[in-house]
Each structure stands twice: as structure tokens, then as C-alpha cells.
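Engineer: Sequence:
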Amino acid sequence: MKGIDGARLIASLAVCYAASGIGALATGPAVQTWYPTLAKPAFNPPNWLFAPVWTVLYTLMGIALFLIWRQISMEPGVRSAIAIFGVQLAFNVLWSVIFFGLQSPLAGLVVILILWVAILFTIISFFRFSTVAGVLLIPYILWVSFAAILNYSIWRLN
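At position 97 of the sequence shown (counting the first as 1) the number is 97 in this note's numbering, and the numbers step up by one without a gap.
Source of the hints: derived by calculation from the structure; they are not laboratory data. Ideal Cβ positions, reconstructed from N, Cα and C, are used throughout, including at glycine. Each hint should be verified, as a subset may be incorrect.
What the hints assert, rightly or not - Pair ranges (Cβ atoms, derived):
{"#": "1", "residue 1": "VAL132", "residue 2": "GLN103", "range": "35 to 41 Å"}
{"#": "2", "residue 1": "VAL110", "residue 2": "LYS40", "range": "16 to 22 Å"}
{"#": "3", "residue 1": "ALA11", "residue 2": "ARG156", "range": "37 to 43 Å"}
{"#": "4", "residue 1": "PRO52", "residue 2": "SER145", "range": "17 to 23 Å"}
{"#": "5", "residue 1": "ALA11", "residue 2": "THR37", "range": "37 to 43 Å"}
{"#": "6", "residue 1": "GLN71", "residue 2": "ILE114", "range": "37 to 43 Å"}
Just need the whole structure built from these sequences, with the hints factored in.
Structural biologist: This is the structure in C-alpha cells:
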């Protein structure tokens, strides 16, 4: 059983880090060229802060996914919770592609609002099976809430 858990933990983290990597492909070039040209609100964090924050958040997401996945044979509804997680992760990647890759703060705002709702549904579904897994996603929804306000502000200023 421990070998299966170890493999599931590694796979859960790998899925989240892969999403991060895909998002970084869209984000990287724009952070060097387009993003610095935008007007930003006074509360815009320094660029160096984003990578460590997202690294922690993707790690917490991976651990939360693992805690749910390990219950797949014991609890009905776990597959649905994992599917909801997958939907929010797809919107997470999509936001980077839309906001940075397509350089569209307005479309990014629409996507991040959908992402926020998807994260909320994920948290609710994870809490049904693991309080710890649900709690691990709270920093994520808080950061995305801040990011949504930042996205909105950037759209309004530009």
C-alpha cells in the first residue's frame, strides 16, 4: 500500500507541476516583453514573488489531490471530486495562456472568475472526503482572489 501511495503522491505533484510548466510557457515571454509595458495598480506584487508563491500553491494542490486520490476505492464520489479538480487545473492553465499568451486582460478576467468558481467547487468536493485536502486549497483560492482583483485592475488601467 505504501508503494501505491508514494506513486500517487508523485503523480499528483507531477500533474500540478506539469500544469505549472505549461502555464510558464505562455507566461515567460510575456513577462519579459508585454507585461512590463502595462499600467499596474500600486498593490501589484514584485515579479520575483510570483514563482515562489505558485510553487507552494502547486505543491499544496498536489498534496490535496493525493489525499483525495488515495481514497478512490473507499468512497463513492471521489472520481467526481478528482474530475472537478481537473477542470479547475485546466482553467488555471487556460488563464496563463489567455492573459499572458494572448495578452488579453479582459478575457483573462473572464477565465479567472470561472477558475475561482471551479476552485470553490473543488474545495467543497474535497472537504467531503478530507478536511486536510480542503484546507490545503484555501491559500490557492485566496491567491486567485487576489489575482482576480489584480487582473481586473490591470484591465481597467489599460
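Engineer: Check each numbered hint from earlier against the structure, then list the numbers of those it violates in ascending order.
Structural biologist: Per hint list: single violation, 6.
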